[in-house]
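Participant: Model the full assembly from the supplied sequences, consistent with the hints where possible.
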Amino acid sequence: MSGADNVVWLGAPAFPEAARGALADTRLRANLRRATGTIRDKRLAVTAELEDWEELRETAAAVKRHTLRHLDHYLLRLEEAVTAAGGTVHWAADAAAANRIVTELVRATGEREVVKVKSMATQEIGLNEALADAGIRAYETDLAELIVQLGDDRPSHILVPAIHRGRSEIREIFRREMGEWGRPAPDTLTDDPRDLAEAARLHLREKFLRAKVAVSGANFAAADTGTVVVVESEGNGRMCLTLPETLITVMGIEKVLPAFADLDVFLQLLPRSSTGERMNPYTSLWTGVTDGDGPSSFHLVLLDNGRTATLADEVGRQALACIRCSACLNVCPVYERTGGHAYGSVYPGPIGAVLTPQLVGVENAASLPFASTLCGACYDACPVKIDIPEVLVHLRAEVVEAERRSRLLPTPEALAMKAASAVLSSPRRLAAVQRLAVLGARLLSRDGRIGALPGPFARWSGTRDTPVPPRESMRAWWRRTRTGTRDEGRTETEGKERR
Amino acid sequence: MSDREAVLGAVRVALAGVPDSESPDDAPSRGPGADHAGPDVVGLFAERAAEYRAVVVRVAAADAAAAVGRALARTGARSVVVPPGFPADLLPEGSWTWLADAPPLTVGRLDTADAVVTTVAVGIAVTGTVALDHGPGQGRRALTLLPDQHVCVIRADRIAPDVPEALGLLDPYRPLTLVSGPSATSDIELDRVEGVHGPRILDIVVIEDERPH
Chain A
1 MSGADNVVWL
11 GAPAFPEAAR
21 GALADTRLRA
31 NLRRATGTIR
41 DKRLAVTAEL
51 EDWEELRETA
61 AAVKRHTLRH
71 LDHYLLRLEE
81 AVTAAGGTVH
91 WAADAAAANR
101 IVTELVRATG
111 EREVVKVKSM
121 ATQEIGLNEA
131 LADAGIRAYE
141 TDLAELIVQL
151 GDDRPSHILV
161 PAIHRGRSEI
171 REIFRREMGE
181 WGRPAPDTLT
191 DDPRDLAEAA
201 RLHLREKFLR
211 AKVAVSGANF
221 AAADTGTVVV
231 VESEGNGRMC
241 LTLPETLITV
251 MGIEKVLPAF
261 ADLDVFLQLL
271 PRSSTGERMN
281 PYTSLWTGVT
291 DGDGPSSFHL
301 VLLDNGRTAT
311 LADEVGRQAL
321 ACIRCSACLN
331 VCPVYERTGG
341 HAYGSVYPGP
351 IGAVLTPQLV
361 GVENAASLPF
371 ASTLCGACYD
381 ACPVKIDIPE
391 VLVHLRAEVV
401 EAERRSRLLP
411 TPEALAMKAA
421 SAVLSSPRRL
431 AAVQRLAVLG
441 ARLLSRDGRI
451 GALPGPFARW
461 SGTRDTPVPP
471 RESMRAWWRR
481 TRTGTRDEGR
491 TETEGKERR
Chain B
1 MSDREAVLGA
11 VRVALAGVPD
21 SESPDDAPSR
31 GPGADHAGPD
41 VVGLFAERAA
51 EYRAVVVRVA
61 AADAAAAVGR
71 ALARTGARSV
81 VVPPGFPADL
91 LPEGSWTWLA
101 DAPPLTVGRL
111 DTADAVVTTV
121 AVGIAVTGTV
131 ALDHGPGQGR
141 RALTLLPDQH
151 VCVIRADRIA
161 PDVPEALGLL
171 DPYRPLTLVS
181 GPSATSDIEL
191 DRVEGVHGPR
201 ILDIVVIEDE
211 RPH
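Protein chains in written order, with UniProt numbering: chain A, 1 to 499; chain B, 1 to 213.
Hints were generated in silico from the structure; no laboratory data involved. Please note that the accuracy of each hint is not assured.
Short derived list, chain A residues pointing at chain B, Cβ under 7 Å [to be verified]:
1) Ala97
2) Leu143
3) Arg238
4) Thr275
Every residue gets a Cβ at the ideal spot worked out from N, C-alpha and C, and that includes glycine.
Facilitator: This is the structure in structure tokens:
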């Protein structure tokens with residue numbers, strides 16, 4: 001179940017290739033280093049305030065695990081509760097279906113434009129493009145999404161999609177593009193973030209006041225009451241959720257929670273993990289429609305688009321617990337250096353490396369499970385304890401397996417592994433190979449390092465220096481220096497060394 | 001087959017390995033969370049709300065209306081939205097233009113109003129949050145969204161220590177808005193800037209019975 005969508009960007013190069021370009025962009029690296037460094041410190045300060053932070057994480061992980069194991073039950077309860085409260089629930093198996101539903105709902109209102117709250121689900125399905133094809137203009141209202149939209153750019157971070165842009169670039173984009181979309185930026189616009197935020201406020205205010213239809217995502221939905229939750233900072237969310245007559249919310253099926261009361265733990269974990277605040281400025285909660293307050297028509301679109309396929313994998317399904325806080329991006333040494341675009345997906349960073357290949361199938365994002373050093377910082381930061389390294393390793397095995405199935409001949413890597421297995425299983429063969437390797441390596445080395453090699457070694461050696469092996473292997477040294485009989489000798493040698 | 005059946009069917013196939021003995025009713029058990037608030041709940045609320053750039057004052061009941069007046073005077077607000085059910089004794093004496101929401105004010109009129117005064121459903125000390133349920137004294141959601149200054153009045157006994165207690169006091173069937181400081185963004189270089197689309201100025205007047213006049 002997958003259609004034309006943005007989970008992976010068509011034509012995007014594989015991660016290693018894209019990363020090479022990103023690494024060469026020094027301005028990008030400086031922007032990312034500053035931004036992720038700031039947010040890391042803030043996150044640590046506010047999480048350290050709660051002495052039971054680990055228990056909160058455990059609880060959240062347990063609630064998510066439980067919900068996913070009974071997902072059909074909770075989705076049906078949610079549908080019932082939302083309907084009872086005056087909302088309408090729609091189901092979309094894939095991106096194309098979701099886009100069709102939303103387009104038809106907008107058309108039915110007779111409107112030609114919609115205002116949008118930042119939403120990963122609608123990014124994922126490429127909703128803006130689908131609406132544009134139907135002659136409907138979608139205005140992004142989150143500041144970072146606005147920067148991306150005006151710059152005809154792609155998001156590079158889950159929370160702050162324009163994190164790759166510095167303030168002076170943003171100023172240029174605003175001055176150049178705002179006039180094309182509505183109220184132009186003032187001539188006196190500076191690159192002070194306060195000034196830039198003010199320009200966005202003025203530019204979008206007229207759109208909020210005339211909007212009749214809004215499209216949002218959802219952070220959570222409580223199955224028992226039908227309450228939907230949007231967590232935000234700027235107030236653009238409140239504008240979209242309150243002022244228009246029609247509200248259409250597109251939500252991944254994994255966002256459901258059993259009960260309203262479960263929100264307590266997530267509303268403690270999410271702001272602290274994502275923006276490093278004790279609480280984000282605005283959280284909106286609504287249950288169906290309310291007479292005389294807010295939209296009179298509410299539609300909830302429940303989106304699969306690869307989620308049930310992910311759910312079927314007992315190791316990989318934990319990725320569906322993600323609450324899109326982006327803490328894993330901010331602590332990841334790989335993300336900090338390459339930025340989000342290199343991942344070629346709306347879901348970048350460590351969570352993207354486990355989510356994207358599962359949503360679209362590993363064969364369509366085969367480089368992503370390898371876009372990690374497996375250092376585990378993401379697992380430590382994750383508020384719902386997704387064991388990202390575990391899923392990465394699991395998916396690496398699937399990539400290798402898929403590769404093996406799709407080829408008649410084994411890959412060079414498979415041949416190398418086979419040879420390694422033969423060598424490592426025989427002490428005699430290992431000793432012989434080690435002696436040869438020392439000789440060969442010393443011939444190839446320069447200043448104690450082996451650089452790029454030709455032929456079959458190029459793919460390994462092209463991106464890393466290898467230190468020259470010592471003249472004598474550990475095994476050879478052992479044999480040369482040990483004394484006495486085997487068992488006694490070992491004890492005696494160890495004893496001497498310890499003294 | 002409808003998408004509804006397709007999605008639910010795929011979920012059930014994916015969960016075939018979950019034993020029948022495991023029921024949705026066996027939700028994970030949860031003990032009470034740790035106390036993050038400490039003994040001085042009101043003091044913590046005032047401190048935390050101020051950290052997010054809300055202007056917080058603590059007053060005796062008799063001084064509450066004057067405190068509202070001082071907040072409005074500080075910004076020079078002239079036209080002020082007053083939601084239905086807002087206690088008349090909390091409105092200060094003075095030459096303000098009070099805008100009632102009956103009949104409902106248009107968004108254009110709300111957009112040009114300088115300020116709005118409201119009560120609060122529940123406060124949250126640990127996070128410095130005010131929760132609105134948009135009932136009497138608070139008004140429909142648009143009222144607290146479009147004017148640039150929001151002055152809210154909260155009685156000290158409506159301040160809950162932390163998020164779980166506060167959620168327990170709120171009615172999920174009402175529209176709810178949790179407000180923690182004025183609107184803000186971290187979208188430019190992850191640096192926090194106060195004041196984007198929602199009210200850029202948030203005043204909180206805390207009424208304490210035992211506070212001397």
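Participant: If a hint holds in the structure, say so; if it does not, say that too.
Facilitator: Against the structure, the hints come out as follows:
1. Ala97: This hint holds: alanine 97 (chain A) lies near chain B, its Cβ roughly 5 Å from the closest one there, short of 7 Å.
2. Leu143: holds, 4 Å
3. Arg238: With a minimum Cβ separation of about 5 Å from chain B (threshold 7 Å), the hint on arginine 238 (chain A) holds.
4. Thr275: Result: holds, 5 Å to nearest chain B Cβ.
Against the hints set out earlier in the document, no violation occurs for any number.
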